[in-house]
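Trainee: Please construct the entire structure, taking both the sequences and the accompanying hints into account.
Number of protein chains: 4
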Amino acid sequence: MRIGFIGLGNMGAPMAANLARAGHELVAFDALAAALAPLAALGARAAGSVGTLAAEELGMIITMLPASPEVRAVYLGEDGVLASVRPGVILVDASTIDPHTAREVAAAAAARGNPMLDAPVSGGTGGAKAGTLTFMVGGEAAALELARPVLAAMGRNIVHCGGPGTGQVAKIANNLLLGISMIGVAEAMSLGTSLGIDPAVLASVINTSSGRCWSSDSYNPWPGVVPGAPASRDYAGGFAADLMLKDLGLACDAARRARQPVLLGALAQQIYQQFSARGFGRLDFSAVIKSYRSDRPDDA
Amino acid sequence: MRIGFIGLGNMGAPMAANLARAGHELVAFDALAAALAPLAALGARAAGSVGTLAAEELGMIITMLPASPEVRAVYLGEDGVLASVRPGVILVDASTIDPHTAREVAAAAAARGNPMLDAPVSGGTGGAKAGTLTFMVGGEAAALELARPVLAAMGRNIVHCGGPGTGQVAKIANNLLLGISMIGVAEAMSLGTSLGIDPAVLASVINTSSGRCWSSDSYNPWPGVVPGAPASRDYAGGFAADLMLKDLGLACDAARRARQPVLLGALAQQIYQQFSARGFGRLDFSAVIKSYRSDRPDDA
Amino acid sequence: MRIGFIGLGNMGAPMAANLARAGHELVAFDALAAALAPLAALGARAAGSVGTLAAEELGMIITMLPASPEVRAVYLGEDGVLASVRPGVILVDASTIDPHTAREVAAAAAARGNPMLDAPVSGGTGGAKAGTLTFMVGGEAAALELARPVLAAMGRNIVHCGGPGTGQVAKIANNLLLGISMIGVAEAMSLGTSLGIDPAVLASVINTSSGRCWSSDSYNPWPGVVPGAPASRDYAGGFAADLMLKDLGLACDAARRARQPVLLGALAQQIYQQFSARGFGRLDFSAVIKSYRSDRPDDA
Amino acid sequence: MRIGFIGLGNMGAPMAANLARAGHELVAFDALAAALAPLAALGARAAGSVGTLAAEELGMIITMLPASPEVRAVYLGEDGVLASVRPGVILVDASTIDPHTAREVAAAAAARGNPMLDAPVSGGTGGAKAGTLTFMVGGEAAALELARPVLAAMGRNIVHCGGPGTGQVAKIANNLLLGISMIGVAEAMSLGTSLGIDPAVLASVINTSSGRCWSSDSYNPWPGVVPGAPASRDYAGGFAADLMLKDLGLACDAARRARQPVLLGALAQQIYQQFSARGFGRLDFSAVIKSYRSDRPDDA
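Protein chains in written order, with our numbering: chain A, 2 to 301; chain B, 2 to 301; chain C, 2 to 301; chain D, 2 to 301.
For the record, the hints were derived by calculation from the structure and aren't laboratory data.
Predicted model, so just to flag it, every value in this text is computed and none were measured.
Keep in mind that the hints are not guaranteed to be accurate.
Since the list gives no way to pick one copy over another, a pair counts as held whenever it fits inside one copy or between any two copies.
[Said to hold, decoys possible] Straight-line Cα separation of at most 25 Å, SDA-like style, residue types lysine to any residue; simulated pairs: (1) Lys291 with Val202; (2) Lys291 with Gly280; (3) Lys291 with Ser205; (4) Lys130 with Arg283; (5) Lys291 with Gly250; (6) Lys130 with Thr209; (7) Lys247 with Gly127; (8) Lys247 with Thr194.
Mentor: Here it is as structure tokens:
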């Protein structure tokens, strides 16, 4: 299938490369022209603008953009996708944005005769390169079945979450919980070690008890407890604290719009914000444990 | 081995019964004389007081008491265990109390020539009856090896956590995390469904993603998501919200003493307190999701 | 001076009426035509659109709008103020919006040759009717001096806060503190009375001690403590909880943009959100004390 | 009147000195014998123990002790006040402790025939020296009237709060609100200045608006805003953050016992705890604003 791909950042570039390697014919666009070179080497063709890309004869257009305003501009702008795309082309937005915007854009696409899927991913840049992402997909089941073979070239799990926007809902609900759990683990590990238990022993107790969670058993924030985790390499790589801050912001905004309280979620966001304000926003989000293991010069 | 057992409440009674069934000779005491009858039917002998029990020729004394003041009274009181127990008898306190008190009592026992283990349990009354409890044990490894065959008649997992008090530390650190995670799941499930995703779909996404945790995959607070969980039977049985409130209180108190911040933990405690103040303290703690799924008469 | 006035809602209508009564020649516009009738009775002329109003020969244009999107549309829209206004006309936006938008609009106005002031108010509909509002004003001092006699017809205190946007900054910082203080008073009054002190006695102690604040001495949330306060008339009138929720939202959003933590502020917002979700959003914000004085059927 | 005085710490010593200067005949005791010398120079006599002091012919005994355990020991201990005091002697405890203990001790005193008042103070060491303390008094009005002339030698305001324990209730409710308000002011000032307003201008707006409070107008945490406040002398002197932490601990404990939620209060306590854990516990509590004005090396 000939596929248009818009947005070749840290995530988009390796995803598009996997599509090219899987034999798909690609037409690509990025606001940064230089981003197209590596993809051209894999046989992809560059488009001069969103509009010219959208006007081509394509089976599908995939977008991978930083945030809601970019998604809005790329789809609804004057020279945007919906202004030029042919009816029937399937539109897949893999960006992580608020569900409200996702639904608004999907409705505009439907009105134009284009089925649209919101398909945010988890798995990070590692998963993007390895082609092992998880796609959380909102939209019509029929459209997803058509898109599935294409998505399968980029990810391992493709989960249908329901109608338009529910892919975004699943992503932000999961990350709300993740952001809370990680701080929960940071507090439990810090309290336990303050009180004299060995951190590896505490983690092993928790991991076989009711406190068990991904943030403890697969991504423990205490250095050395999980050898492969960012905590064991000075919190380099992984999922930046500033990205967690962005996702918790999406969750809190969506909650406000729905008048749904999220007390722990809002406090968790503030704790990452305090952490980011201290200059640590580029570290992996598990480094938030630094807010709990401070030196104590004044302690008797 | 002849064993003294003090404290035959909801947890202690089935634990002692399992010991009797395993062929141990039991001498038992409870402030409530009626609590002894079922155990007598299994061959146990009743002692008239803590002091007379402690004065007997025993290999081990096990206590299962409600809170720190009772533990202090039973061990350190005028007619308490330490006033009469013979040197060398192993003391095992299975109560959940603060680590500070556990260490103080263990030090007093050591001074008297009695090795002492703090051995709080998880698994609830179900685990106590089935003999499948987990023991989190603090104290000398040698004493634990002597106690292990006895504990094995009451529980399935026996984890050595380190020196005196670390069993309590492991328990309260795990439950701190559990209390936070459960509210995290409640917020994520409530936000997701408010935004239009099906709760079972959302749970299945979370359970295979980074939000995965025991509170979501084994004990989900949304009715019907996990068939056997308390949420699927109107939050009856399980682990009462008031007990979670007690354990979070122990965690916050220990944190204060150690000058260790636990921001989410303290807020979680308040959320259970608010829930308990509304009259729901006897429901399973997963019912805290009721604080998030309110009716909204004023909503347009 | 001939003045254009846009936005005749609960606040704008009485403000415009005071201008008319003070002898100013008014040209007014509101999206709701019916809103113009009472003003016409005071001699004001109706304009057919924002654009036709802006094109008139005026000394000043005042706007009083619900939120940022409306301000953006009225000033920057195709038929907006800046498209037609003559250079030199002073623009005064009395809406409460985010400082970022205020600065963006002020910069666009300056580029067109129009001095602009952001001038959000406090004092509520009571102050609007009585002409006793406080204006917190951001922008050039010279423009404020020209506007001052006009603002004085609507308000009693006119405070210059600094350059463009600082009027909004002062408003949201004050209301952030107000939202927190009110909950603080609610917690202190609820805790004190739970512990057996008379609420009037407690309030009088606080009001002469270090807990003293406007939320306690002038607007106490406990019924009967301050006779004229909303608490003493079933929380009718006053400043709606949903408006406090909006203002705390502005504060949290501005804080996020500035990467400035506001831990208590974010939690306070959630507490009003929880309160609003229960259907109480139209009550005065001091009614949030209801979240703390629940009935306790299960209490022994 | 001949008066016994127990506890000559930072607060007790100047209070007792004011009594001596007012012509009262004093018998004093402190566990630290050296503490008695300055008082002896004013004519006071030293007692050898609590018991011998209590056995003397006295009109009143006043105690000023660090916390509940000391109060319990001094009144209820084997050699304590109640073991030796003559019936009818009025007992006044000026310590700040939990209301529960205050009531327990008062009940024991009443059973012995001794009217007892809980009379915690505000005003700090400055107020103690100047004799300008505020006494918040719980207990019988008749006993307070007898005590009033004596208290008047140490303080300026003497407020009757109700029955036994209500003096403590008033103190902890006020300080709960104070601890919250100070952080509220810290957040509002930090947010405002982050967004570009001058701190002195912001404070002056707040102080004439609905955010007005003692923490802003008399004790502003921003350096230079209130010349005499601790913020203007590097947060030296004043009311130590660790003492605020202690008082918020009393409030949270009392709330837990009463099953009364205090969400902002519990979070405020954690914020002071985090601050104290960084080694700042001896600074004035207004220094908590340092948690909000961090350097931001990573900020672009």
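Trainee: Evaluate each hint against the coordinates.
Mentor: Quick rundown of the hints versus the structure:
no. : hint               : verdict
1   : Lys291 with Val202 : within (20 Å within a copy, 35 Å between copies)
2   : Lys291 with Gly280 : both (12 Å within a copy, 15 Å between copies)
3   : Lys291 with Ser205 : within (21 Å within a copy, 32 Å between copies)
4   : Lys130 with Arg283 : within (20 Å within a copy, 50 Å between copies)
5   : Lys291 with Gly250 : both (21 Å within a copy, 24 Å between copies)
6   : Lys130 with Thr209 : between (32 Å within a copy, 20 Å between copies)
7   : Lys247 with Gly127 : within (20 Å within a copy, 40 Å between copies)
8   : Lys247 with Thr194 : between (30 Å within a copy, 21 Å between copies)
In summary, the structure agrees with every hint in the numbered list given earlier.
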